[in-house]
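Trainee: Residue numbers (my numbering), protein chains in the order written: chain A, 907 to 1250; chain B, 2 to 264.
Treat the hints with care, as some may be off.
Label-pair ranges, simulated between beta-carbon atoms [what the hints assert, rightly or not]:
{"no.": "1", "chain 1": "A", "residue 1": "933", "chain 2": "B", "residue 2": "260", "range": "26 to 36 angstroms"}
{"no.": "2", "chain 1": "A", "residue 1": "1058", "chain 2": "B", "residue 2": "260", "range": "36 to 46 angstroms"}
{"no.": "3", "chain 1": "A", "residue 1": "1143", "chain 2": "B", "residue 2": "106", "range": "52 to 62 angstroms"}
{"no.": "4", "chain 1": "A", "residue 1": "1039", "chain 2": "B", "residue 2": "86", "range": "51 to 61 angstroms"}
{"no.": "5", "chain 1": "B", "residue 1": "127", "chain 2": "A", "residue 2": "1013", "range": "24 to 34 angstroms"}
{"no.": "6", "chain 1": "B", "residue 1": "106", "chain 2": "A", "residue 2": "1102", "range": "30 to 40 angstroms"}
{"no.": "7", "chain 1": "A", "residue 1": "1139", "chain 2": "B", "residue 2": "106", "range": "52 to 62 angstroms"}
{"no.": "8", "chain 1": "B", "residue 1": "178", "chain 2": "A", "residue 2": "1039", "range": "34 to 44 angstroms"}
{"no.": "9", "chain 1": "B", "residue 1": "127", "chain 2": "A", "residue 2": "945", "range": "56 to 66 angstroms"}
{"no.": "10", "chain 1": "B", "residue 1": "254", "chain 2": "A", "residue 2": "1102", "range": "48 to 58 angstroms"}
It is worth saying that the hints were derived from the structure and are not from the lab.
Ideal Cβ placement from N, Cα and C applies to all residues, glycine included.
The chain contents come next:
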Amino acid sequence: MTLTLTSVSKTYPDGTVALKPTDFHVAPGEIVSLLGPSGCGKTTLLRIVAGLETPNPGSQVKFGDDDVTELPVERRKVGMVFQSYALFPNMSVRGNIAYGLKMQKLPAAEIDQRVAEVVRLCKLEPYVDRRITALSGGQRQRVALARAFAPRPRILLLDEPLSALDAALRDTLRDELAGLLRKFGITALFVTHDQDEAMAIADKVAVMSHGTVVQVGPPEELYRNPRTRFVAGFVGHAVHLEGQVAGTTLRTQGGMLTLPRDGENCEVFVRAEDVAITPNGALKARVESSVFLGTHYRLGLSGITAGILYSNHAGLAAPARGTDVRISIDPSKLLLIDQSGATP
Amino acid sequence: MEYSRAKALQLGVTLLTCAFLLVPALQSVLAGVTRNYFIGISSGFTLRWIAEVWELYAHSIMLSIGIAFACLVSTLVIGVPAAYGLARNPGWFSRVLEEFISLPLAVPGLALALALLQLYGSVKGFRTSWTFVLVGHVLYTLPFMVRSVLAVLSVMDLKTLEEGAASLGATSWRRFWDIVVPNAMPGILAGALTVVTLSIGEFNLTWMLHTPYLKTLPVGLADSYASMRLEIASAYTLIFFIIIVPLLMAMQWASQRAQRIAA
């Protein structure tokens, strides 16, 4: 089912603008992530699609050719996975999964059959008769997903589905969730503030900031060609290299840097994994901090840009704090973001 | 040494307090089954007084049970939706409303009864009907039901649970019956037992509202104390105990359970 949003906006009664007029399109079967920091309007957008929030007049939400803007949540046929899962504590796992099917007044035999199907898909067989309170966080998440999916919704909505889990579990369940969503083959929209989560699960990521969608694209494109400062900083933590751009060079405090192309009106960004420490590098820097992270050292460098520039250093040993080092950056790894007429 | 002396003192005070509370109750119970209280236990035991109480006051006892039941139904019908409304719309207005519902707890039962008499005393059919006493009981017990249910509801994430049910296609009516009521059940149960216990034992307000044909169990008790021989009054107390003590124990159990959930 396609999802089409046309000039959807939301202003709260107290005057807060949660969402500026937004156009958005999700193709059938596509898994799209809404990524942004808290307060960027991503959850508001999700709740408007669900029908849990009423958008401003003039907004339009369409599922396929069906205009659902005026439909209340209980008639929209959406599946929703909540951050806290919102499982019904008075029902067993089976009761939770069957609830949506019961609301559709399906015959008991069909309900049983479809519950069994979804239970198998989500590998919940050992838990069907358990109470919700007897489940672990990961099991609850699967039940929430199974419950949302069982009534065959037109679109599946997930609000920070992994944030209630502890960090150790999150990575495994992230891959599991990505796998299940692919198996379901359903159009899905999910909200997260975690870029790794967004990239691991989604076909397409929409980065949001201050109530607008700033850039939409496949994860690779967002990572390699961010169009705004915000996207560069938020996706992959790129750092702004300050200095004067002249043609294809950037003059920083630490030395001259070659740009991949003419950088007129551009700001230059770089990520920690692309900053290399080499004996004959073009830039000079001082090591301010050094943290060993197993696979690499994370070095904080001063003397190149106003703040700290980080470098992921993969050697067996790292230069000591306070020493001067030479830095090189592959020009093709630099991110040039055109600032002419762009909003910050 | 110091420790054990403190312990002995503690035990002594506890036992004394228990005796202070239990001995009169036991004495009263014994009086109810003694053939002649002035001679003492040596006169022998009998169930005659209990039978006589039943003959004289069966109507009062049945009336009390009936009113308690009607009171329970009324407080369920009014109290559970009220608590739900308060839990769904937290804010200063709900708090004021909750305080307002709780007002009968602070106002003496006599004052409440007087107000009811002033307002409805001249409505003939109503004044002499058992429903008049019922209104007083409902006013007095409603806050217990509302607070008990509200305590359980306000610790659940009611809004999200309901949104979850709504996203699965449940209308507000279904959400109330499928989600709200079952999850509020410990609070409802604790509230229900409190309401029944209070209604059966209520004297203050009932004494003001009752008519000679509408004596509830405690009013009948007062009546028997004033006008019957001591053995009958004591036997009556015994019957009251038999009805109220299991209720009290169940209430204690249910409230503790509800509190565990609310904590």
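Trainee: Each of the hints needs a verdict: does it hold here or not?
Mentor: Outcome of the hint check:
no. : hint                                 : result
1   : A:933 <-> B:260: 26 to 36 angstroms  : violated, 52 angstroms
2   : A:1058 <-> B:260: 36 to 46 angstroms : holds, 42 angstroms
3   : A:1143 <-> B:106: 52 to 62 angstroms : holds, 59 angstroms
4   : A:1039 <-> B:86: 51 to 61 angstroms  : violated, 27 angstroms
5   : B:127 <-> A:1013: 24 to 34 angstroms : violated, 51 angstroms
6   : B:106 <-> A:1102: 30 to 40 angstroms : violated, 55 angstroms
7   : A:1139 <-> B:106: 52 to 62 angstroms : holds, 58 angstroms
8   : B:178 <-> A:1039: 34 to 44 angstroms : violated, 21 angstroms
9   : B:127 <-> A:945: 56 to 66 angstroms  : holds, 58 angstroms
10  : B:254 <-> A:1102: 48 to 58 angstroms : holds, 50 angstroms
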